[in-house]
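Chains as they are written, first to last, in the working numbering: chain F, 1 to 432; chain Z, 1 to 154.
Don't take each hint at face value.
[Claimed, not checked] Derived coverage of chain F by chain Z (criterion: at least 3 residues anywhere in the stretch with Cβ under 8 angstroms from a Cβ of chain Z; other residues may be distant):
{"no.": "1", "segment": "96–108"}
{"no.": "2", "segment": "387–399"}
[As the list claims (entries may be wrong)] Quick partial rundown of chain Z residues pointing at chain F, CB under 7 angstroms, derived from the structure:
{"no.": "3", "residue": "D39"}
{"no.": "4", "residue": "G41"}
{"no.": "5", "residue": "L65"}
[Claimed, not checked] Here are a few chain Z residues that sit away from chain F, every Cβ distance over 12 angstroms (derived from the structure):
{"no.": "6", "residue": "Q2"}
{"no.": "7", "residue": "R8"}
{"no.": "8", "residue": "G28"}
{"no.": "9", "residue": "K31"}
{"no.": "10", "residue": "V49"}
{"no.": "11", "residue": "V62"}
{"no.": "12", "residue": "T68"}
{"no.": "13", "residue": "D69"}
{"no.": "14", "residue": "V71"}
{"no.": "15", "residue": "M108"}
{"no.": "16", "residue": "N116"}
{"no.": "17", "residue": "G133"}
{"no.": "18", "residue": "V138"}
{"no.": "19", "residue": "S142"}
Honestly, the hints are just simulated from the structure, not real lab data. Yeah, the Cβ is synthetic: ideal placement off N, Cα and C, and Gly gets one too.
Okay, here's what each chain looks like letter by letter:
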Amino acid sequence: MTETVAIGIFVVTLVSIFGGKWHRMVASGLGASAMVAAGLLLDFYNEEHAVEAIEFETLALLMGMMILVALLRTTGFFEYVAILVAQHSSGSVIRLMLMLGLTTSLLSMVLDNVTTVVLIAPMTVLIAEFLDISPVPLLMSQAIFSNTGGMATLVGDPPNILIGTAAGLSFNDFLTHMGPIVLVMWGSIFLVLRYRMGEGLRTPEAAPQRGSALQSLDAHAALTDRRSARRVLLVLAGVIALFMLERPLHITPAFAALTGSGVALAWTQGGVHDILKDVEWDVLLFFTGLFVMVGGLEAAGVLSQVAERLLDLQDISPVLLGLIVMWALVVLSALVDNVPVTIAMIPVVLNLGARGVDIQPIWWAVVLGTGIGGNATPIGSTANVVVIAISERTDRAITDREWLSVGIPTVIVSTLVASALYVLLFDFLSAG
Amino acid sequence: MQVSDCMRTQVFTVGTGATLVEAMRVMGSRKVGTVPVIDEGQHVTGVLVLDDLLTQLMPKFVQVLRSTDFVHDYGKFELGPYAAHLLGKPLREIMRPPYSLKEDSSLMEAMVFMHNHQVDDVPVVNAAKELVGIVSRVRVGSLFLIDWLDKTSE
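With the rest of the complex left out, here is chain Z (with noise of 0.2 angstroms):
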């Protein structure tokens, strides 16, 4: 079992020349937690993650305290407009740096990778580094599990 067992071949990326406002539509309509940015060679050149979006968009106060358990009534952080300068800010400045994993990596590779590197969707590339697909954690867990108990209970 490899990752190309379990990938999604239909990726929606944005091309490098895209912006933040672009990207964030695709995200949108497409449901997708990850968009891939890609060149004209189907390079990755940076990955937009839904996370990084959202977290732009929490107030500050988020980022530097421990817990805020303690906050129940969100108030005007609910209505907006907030952080609209968000809007103007370039893709590159929100985006990851690339990552990828190869079509042959193996089930538990892609997990390890994922757990170490906190992400839930990683870009799939062949050998000639050209984005084939992305995997998700539930795609690649739910296979590994299915296999696993395979295995296991026979």
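Bound-form chain F, shown alone (with noise of 0.2 angstroms):
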């Protein structure tokens, strides 16, 4: 009984965050309350047990992250990196769809994808304008190596954060094995895009002459904070610096955030209400109801029997229980909100390693599914979302076959790419 009422409350949550009826942070406001409300009357769930369901480390690192990119992109700091590449493709598409897709997977390895997105994509539709071509192309591209690009670290996507910080993986974890996995599927997707998008990339005949507008731009005029620029760039250096001698230094990389972001604050003396205003609250209260919400799944027994049943699997390998974990999530992850999945697959991993599994390489398996599933449909992860909303505003809005047919070929082949690697990384991979 109260695991199929748990169960409900949870699947009525994520279908409706699915259906976009309502906010996805309403969707699980409402869905949290509704798990709290059962758990009194059914007695498996409370108040108490709520709150401490609640990662506070994964919000405060989320928000300290959040807080220093706010600080930037108010410099003007990612108009002032886009023109540069614009210039220096040299009216080439092709040229301009691999940096451009290069520097949102670099500046998305360290800040928030959807930032990164909504900052990137204008300043393409700019460029496509200024060269006469369809933007469409270099949208998708970005969003998709945005989404890539995150998988290769710990603050570099949502879901990464969530298994960081329960795993107690580090960012150099993250980086020394995501990474090279990151940089083959990125080659991978590259050649993917290059070939379904082959006539869009065409550079049109006068798209050279073109180019010489671009080189008009003003760059430095684009840049219109230099200095707090420099600051918020030192105190995030600094930031990854602490991230990477977590260990050593016995500190959480929320508290390295967190202290980022007031030693940010204070050096731009950036305005608090403005800068408060750009930090996303609705994302934060967002994962604050499905703490909640899985919270109550949990204390139903449910992810403990999820975990059981995976261990009816006993007879397979180690190396296939991994691979199974991907490709499940790789395909929940197209179609729901990969940060649900994610919450609610910690614990099931979490209840493996109880049982005596060893569940090291099943968290990679969790990073790359989830990572790599986003890209597959246009509301797969929040940064595809966000081009497909700045591409309608222009003359050419994506359509959703279109991205379909960029996107599901592009996790056919990355996830194609990750199971081989895990394979061949396995033992690697299992060591810590």
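Combine both chains into one complex, guided by the hints.
And the structure:
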């Protein structure tokens, strides 16, 4: 009974997030309330448990990074970078796609994907209009590269923050374990995009002349607050250094990010109210609601049962178990938001660990599965949703069909690449 | 002092059945920034605003970027033909929903209305909701300033 009710509440919430009728934060908030109410009635969960279920470390790390990004976005740094990149592409569309994609990936490794895309995509519209080319292939590849780059680091992607905090994986662990896989995947995705978007990436004959108009863009004028940009970037570098020294210094990434955001706020004397407006509170509250809901699922015994079922597949090798988890998550996170999927998956993996399974490689399967799946569909990740929304404000809206025709092959190829590397590097991934 | 004290009674309008191009011609030849769209009974059914047309003619990136101060050379966007699809759009799609002030509205009401709705000209209607004139921000504002100076320096 309790299991059925808890699963019911969770599924209804996921479906309503998928349906898009309510904002996902509202859906998760209502779901959390329903879970606590059901828990009180059926005596499996209460308010105290709900508060304990909230991972404050994850929320603090996210908030710290959001404040740093909010400080950086007002300086014009992203516009500055986009102009420099465009000017170095000399009017070739494929080079533009490669360089903007690489830039987006690198920025997404340290900064939130959504912010990166929110700031780079409008610049892409400008560049495409100057060159008289369709912005669609560039915008789609940016979202995909942003999702992919994000997989490589602890702070690159919300699921990674969740997994890193729960599994005790450090920034360095992510970089050394996921970095090489993401690098290979990146190359293969580039080839897929190049092949699938063929015609759209052809450089029109007039583009090189038009490219000269791009040279007239004033990158330095775009960097409206050079001093703050330099200071925030320095603090960001400091925070990343602290991430890397997490183990020797015995500090958490959340501490590093919050300290960094405090220092940056003080140093740039940014208006606190304006900066806090740019923090994505809806995301933080969405996470909080999900934590409470998944806490209920766990209290109802659902997640340990899932772990039990997975263990019934006892005979299968650890490698195959990892692959099954990865593939299942690729499919799930293509269809629904990958954050609730990750939050629900974490206790399952912890349960497996409690039953004696070596969960180290499974964590990496979760990172890869949730990260890869998001590229498949227009709603697979928030970055996709953002570039589509921006394209709708131009003459060339990205259609669902257009997305799927690129997203699905991308996901198939990256899953194959990731699986092959997962098998090849299994011993390395298992060794903490 | 009220709106009827400073409104212009000669209003350049187009009928509900007019095309967008006809409305643009009126705007261009009469050098007005706002053209009310009216039905046979002189009721305002919509308002065509110059700024909305100009926005459509600008590059799309202007809509998606916070600032474009770093663009100094608009190159091909100056030349045209650009955004030619605009010609085919129906008037209904570009005009704003109807808005107006009453002829006995106060100057302060008119000022606040223009400020809140970010418009420079507002059609003026009588009690029967028929169009009787149009007021601009400059007309309302200058009359208000003169009136205020007179009262304050007394």
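Comparing the hints with the structure gives:
1. As drawn, the segment 96–108 of chain F meets chain Z at 0 residues by the rule of a beta-carbon pair under 8 angstroms; below three, the given contact is violated.
2. Counting residues of the segment 387–399 of chain F whose beta-carbon sits less than 8 angstroms from any beta-carbon of chain Z gives 4, enough to reach three: the coverage restraint holds.
3. The beta carbon of D39 of chain Z is not positioned within 7 angstroms of any beta carbon in chain F (closest approach about 32 angstroms), and the interface hint is therefore violated.
4. Hint on G41 of chain Z is violated. Least Cβ distance to chain F is approximately 37 angstroms, over the 7 angstroms limit.
5. Using the Cβ-Cβ criterion of 7 angstroms, the hint placing L65 of chain Z at the interface with chain F is satisfied: the shortest such distance is roughly 5 angstroms.
6. No beta-carbon of chain F comes within 12 angstroms of the beta-carbon of Q2 of chain Z; the shortest separation is about 40 angstroms.
7. Consistency note on R8 of chain Z: stated as away from chain F, and its beta-carbon is indeed over 12 angstroms from all of that chain's, at 36 angstroms minimum.
8. Every CB of chain F lies more than 12 angstroms from the CB of G28 of chain Z, the least distance being 24 angstroms, so the non-interface label holds.
9. At roughly 30 angstroms, the least C-beta separation between K31 of chain Z and chain F is larger than 12 angstroms, which holds for a residue marked as non-interface.
10. With a least CB separation of 19 angstroms from chain F, V49 of chain Z remains clear of the 12 angstroms interface cut-off, as annotated.
11. Against chain F, the non-interface label of V62 of chain Z is violated: not every CB pair exceeds 12 angstroms, the least being about 9 angstroms.
12. Residue-level check failed: T68 of chain Z sits 8 angstroms from the nearest beta carbon of chain F, not beyond 12 angstroms.
13. With a cut of 12 angstroms on Cβ distances, D69 of chain Z falls inside the contact zone with chain F, its closest approach being about 6 angstroms.
14. Under the 12 angstroms C-beta cut-off, the non-interface status given to V71 of chain Z relative to chain F is violated; the minimum distance is some 6 angstroms.
15. Every Cβ of chain F is farther than 12 angstroms from the Cβ of M108 of chain Z; the closest lies at roughly 30 angstroms, confirming the non-interface assignment.
16. Non-interface call for N116 of chain Z relative to chain F: holds, since the shortest CB-CB distance, roughly 22 angstroms, exceeds 12 angstroms.
17. With a least beta-carbon separation of about 36 angstroms from chain F, G133 of chain Z lies farther than 12 angstroms from that chain, consistent with its non-interface assignment.
18. Taking the minimum C-beta to C-beta distance to chain F, about 32 angstroms, the non-interface status of V138 of chain Z holds against the 12 angstroms cut.
19. The Cβ of S142 of chain Z sits about 35 angstroms from the closest Cβ of chain F, beyond the 12 angstroms cut-off, so the non-interface label holds.
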